[in-house]
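S.K.: Sequence:
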Amino acid sequence: MFIQLGRAIMLCVWGIMILNFVHPFPKPLKYFMDIAMVFTIVMHAFQLLLLTSSQPKDQKLSGLLQTKIFFFGVFELLAWQKKTKLEKK
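Here the sequence shown stands for residues 1 to 89, where the numbers follow our numbering.
Hints in this document: simulated from the structure, not taken from any laboratory. Note that CB positions come from ideal geometry on N, CA and C, so glycine has one too.
Derived Cβ-Cβ restraints for the label pairs, each shown as a range:
no. : residue 1 : residue 2 : range
1   : GLY63     : MET43     : 13 to 23 Å
2   : LYS57     : PHE21     : 30 to 40 Å
3   : LYS57     : LEU29     : 38 to 48 Å
4   : PHE39     : LYS60     : 24 to 34 Å
With a cut-off of at most 20 Å between alpha-carbon atoms, the simulated EDC-like pairs for lysine to aspartate or glutamate come out as follows:
no. : residue 1 : residue 2
5   : LYS85     : ASP58
6   : LYS88     : ASP58
7   : LYS83     : ASP58
8   : LYS60     : GLU87
Between the sequences and the hints, there should be enough to build the whole structure, so can you do that?
M.R.: As structure tokens, then:
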């Protein structure tokens with residue numbers, strides 16, 4: 001439930017940041033949203049880079065999973081970790 005809520009919140013955050021590009025917010029908020037978008041993109045790309053580099057060479061991540069991790073960040077990593085633990089049991 002927590003993971004689904006986190007995904008929904010991340011979708012809202014991405015929507016608000018993209019809305020700032022389409023219809024810019026008033027000046028102080030516009031700059032904050034621009035910085036937040038750059039920070040989010042860098043952090044999610046860094047998470048994805050760390051995960052893909054830590055995977056064994058014979059175990060590649062699918063493109064869909066990489067896209068989900070980029071957009072949902074830590075919430076998708078938690079879901080993937082939970083699924084992986086269940087598969088190992």
